[in-house]
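J.: Chain residues, written in single-letter form:
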Amino acid sequence: MASITFEGVAHSYERHPRDERDFALKTLDASFENGGAYALLGPSGCGKTTLLNIISGLLRPTRGRVLYDDRDVTALPPARRNIAQVFQFPVIYDTMTVEQNLAFPLRNRGLAAAAIARRVAEVAEMLELEGVLRQRAAGLTADQKQKVSLGRGLVRVDVAAILLDEPLTVIDPQLKWLLRRKLKEVHARYGHTFVYVTHDQNEALTFADRVVVMYDGRIVQVGSPQDLFERPLHRFVGYFIGSPGMNFLPCHLAGNGLGIDGTEVVLGGAWFAEAASRPSARLELGIRPEHLEVLARPEPGSVEARLLRVEDLGNYKLVSAVLGPHRLFAKVPEGREIGGETVNLRFPPTRTRLYADDRLLV
Amino acid sequence: MDKPTNNGAWLLVVPVVLLVAFNAVMPLMAVVNYSVQDIFGPGQAYWVGTEWYREVLGDTRLHEALLRQFLFSGLVLLIEIPLGVLIALAMPRRGWAVSLVLVILALPLLIPWNVIGTIWIIFTRPDIGLLGYSLNSLGIPFDHTASPLDAWITLMLMEVWHWTPLVVLLAYAGLKAIPEAFYQAAAIDGASAWKVFRYIQLPKMRGVLTIAVLLRFMDSFLIYAEPFVLTGGGPGNATTFPSIYLVKVALGQFDLGPAGAFSVIYFLIVLLFSWLFYQVLQNVGRGKAR
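Residue numbers (the numbering used here), protein chains in the order written: chain A, 1 to 362; chain B, 1 to 290.
Here chain B stands alone, though its shape is the one from the complex (with noise of 0.2 Å):
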């Protein structure tokens, strides 16, 4: 290898060094700084170490707002992603229907995030919302600033309306991607429906579904502005996920240190599953054939 090498040349990602720097690298340093420390006001901070991280760890509320968070990025991951996959098959291929149908499914995603939940509240509401108003007439009770199951269920809706037209959208470019010989293929090798989506459809899809479950999950994983408006974290605390919890502590309470640590934890986490979860995509029937 004798490449020419030109030092200067590292001048030139000086740019975007700075950019990444101060959007990305000094906020997060900051962060870490208010995590081992102990702040009472400017110029008073004193060094705490490991404190905030051992309480934060103990914290048996943190852990239940994990908990609810894991239990609902799951559920958003199981229902989206199959979701997602079945209405793009189903949809039209060519002609005017397409069009369409992509401006109908993109909608939602339009739609700025604290309004979506202004419209499940109104949606949902008992007296006045469509769903609401209608299933109690039917004898159903349902009201999701009482019961905590009706709370998950109206989030849980909503979520899946907001977010599913995204996958949905990447599935689909990818299976337009696939060129047609291989369901003429297919057919001459007499592959039924399930075979040609086993074989042919779901490992070219394998990239753009690799982007949908990362996009989801990490999304999902740091919901804020949806719950904050549906439920204000309750009832109870029965939608209280870990980033409302930390606003609650950071803002409300004004506990800088432990948010600080929680933060640097939070950030740990979504950025180890989502590492796993590339992993585990990028190598699942890729590994050496027997």
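Isolated chain A (complex conformation) (with noise of 0.2 Å):
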């Protein structure tokens, strides 16, 4: 088990990379906790799968060292980097009994057969596998079929970390959070570092203790699930942690106030003197779609603004709103009746947050 740290490691796909763009993850200095649950989060193409690859070995990244606790592992083959690794499919081997495709990792490392079937026999209990044991693993269902090759990790004791590349896309929507869940149980029970690498945040959001945030090849914010959602430090987070995502709208300073784009509205408060810190930046306000307040007559602070529909989602309503050229989403909890032309929004201050040229200002 050990902790990863990257030291300025970038990485480009490109022979003779020449500027930024060839990159395809950016210059990166992070560090993953020893015992660790962390999911790499972001849309495709973002360079998650580039960065699990290093971790892996099976990418050399073009620049940079990379260490497990304090050893250097950048030039190591994944093989002598001791780590564990589960794929988008499902890995086995197709002519060998499930038994066999366990005991793999450690025949081929010259265990002794004792030692070999007492830790097969652990693993497969944890992961509920006894029962198929003798049977070819070809003939398994795609959910048993990823807990063969994440036992295929676990049966090494000496393992430094367990990646996982999105491994839950082919199974079955129902079985999901069962396997999501025996994931967790396994990281409580043996404390390995997890690097879990998903698109998805209801599954990053679910599995880590720190989820980290990667766009354009970039990590944009390491948090855990409630930083994310409470505080994003990158416009990117706000947008794509959440459903629907963070509201934004562009504003300017007015006077003492912040104006928003297109509206006649100013709205005062706190912000104020942070956006005046930044006055050639682009400013943008926040606000979670349940965190934008919906009242019922209109208040000191409160804002007018077009009701656009209001949609019944079973759990909550979801409301959309025009105020002058922007689109808004707010929350509200069944229940509530709201109807009418126009509803009065409010941003409450500690819940709205600014951003300049796309990063939290406050």
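Mixed in with the good hints there might be a few duds.
To be verified - Just so you have them, the derived chain A footprint on chain B, three or more residues with Cβ under 8 Å:
#1 153-160
#2 178-187
What the hints assert, rightly or not - Okay, the calculated bits of chain A under chain B, using three or more residues with CB under 8 Å as the criterion:
#3 78-87
#4 102-110
What the hints assert, rightly or not - From chain B, some residues computed to sit far from chain A (all C-beta separations above 10 Å):
#5 L11
#6 V17
#7 L19
#8 M26
#9 V48
#10 F72
#11 L100
#12 I121
#13 A146
#14 P203
Derived from the structure by calculation, the hints contain no laboratory data.
Where a beta carbon is used, it is the ideal one built from N, C-alpha and C, also for glycine.
Each of the two chains sits in its own frame; use the hints to bring them together as a complex.
T.: Written out as structure tokens, the structure reads:
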């Protein structure tokens, strides 16, 4: 088990990268703690799989160093890094039984038969595979096959980290949560460092203690699920996490407040001083649909917006409204009656964020 | 099950039934017809029952030809399948070299069969052939027209040169279809190159290798044009395979009855062995474990 540190790591798939744009992974300095459950979250092409392959050693970064604890592993191939990896599509050895699959990494490392049998039995019990041990792995269902590939990693006692590359992609929806819970259980029991790559925010937020959000080859935020929700450090995090994502209103300095672009609305508040320090930046206010308040009647500080529609989603109502040229979403509890031509919206100061050039100011 | 049934739909398969009837069933039935009759000329046919079959089954020259044929096909499979897999494993996986290697490999497959025989006659002639002349100059006597062993060596070389590329192409296609993740997982599991081959590449090539074995068995078992051109079945009877013998009997001696009977037996042998190979290859390593 080990912590994983990146020192100035960058990777380009070009043979001779010329500038920043040629890099799939921009220069990165970060550290994953020993025993943590990390999720790498981001859209396709953000560099998360590249980063995972750099951790596993399948890719050697163009620049920088990778450390496991204090050991420089940058030049080591996957087999010598002592990591385990579960791939998007189940990788199993078709002609072997489940038992032989699980024993394979240990046999390759020349362990004694008794030790192998003990480890295999323990892992099979943990993963609830005892019943199929003597079956051919080719005949299993997709979720069982994924368990077998996970098991091949777990049988090795000295595994430094367990890497999972979108492991639930091919699993039936009703089995996904079972397997996800099993993963959490395995993490709690063995305390390996887990790195879980996904583009599904639900998977990331439910699995990980620390979510690493990636965008365009960079890490934009590392935080607990709550951090990402409450204080997105980057506009992308606000937009990507949550359903629907954060509302953003482009704004400008106006007197003692912030004027919403394209409207007469001026919001006063604590943001002003921060905004004034960055007069040339592109400013945006951001607020989560969960935090945007819909009031029954106008109040001081509230803003009138045109009501577009109300969708009842069963456990909450999604209100769409238009403020000048901007569309806003708000979530309100079931049971509230909302109608008419207009709604009154309030931006609670403690929950409204200000972004300058996509980065959080306050 | 309450699928709608409409017997009119059978009409849709009539064209293909007619096609198969004209190019396969009717010629085959004609052969069966010859095999149970004695034919002297148009309209002069007499029913002889199983007489030709008894004659053919007791013909020692045919026994020898069949034994020769099994030896030949066995050698073909033993050499071409492993060699083809080895070459496919050694081939580049990406880049411009792939196209180059594929084109070079495909060349023997593009040459007409009778031309192949001619090429090898010239290549191995002791007086002017590159191979034949070189060997004889080195003091190794080599003449496929005089020595049965040399004839067999030449024939095998020609066959391997001609058809191994087909096995390579099939095996290469099978290898290319293996997802990269399997190799990555094997690297992480610490598998040696041999284990990667044994547990990933070979099982994943099962399908294409089944096809390769079937094609090579059937084709080699029915071989005619190449030995006919190269050796004409000689020296002596050393390279007289059943197909060559069959043509001699049917056309040379105009013994249509025995030729028909032997054709039917020949057909059944090929059918039986193709089925056997298919069953074995489909089930090897797949049965219920322990």
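J.: Indicate, hint by hint, whether the structure satisfies it.
T.: Here is what the structure says about each hint:
no.	hint	verdict
1	153-160	violated (count 0)
2	178-187	holds (count 6)
3	78-87	holds (count 6)
4	102-110	holds (count 4)
5	L11	41 Å, holds
6	V17	38 Å, holds
7	L19	38 Å, holds
8	M26	44 Å, holds
9	V48	53 Å, holds
10	F72	31 Å, holds
11	L100	21 Å, holds
12	I121	45 Å, holds
13	A146	49 Å, holds
14	P203	5 Å, violated
Of the numbered hints given earlier, the model fails hints 1 and 14; all others are met.
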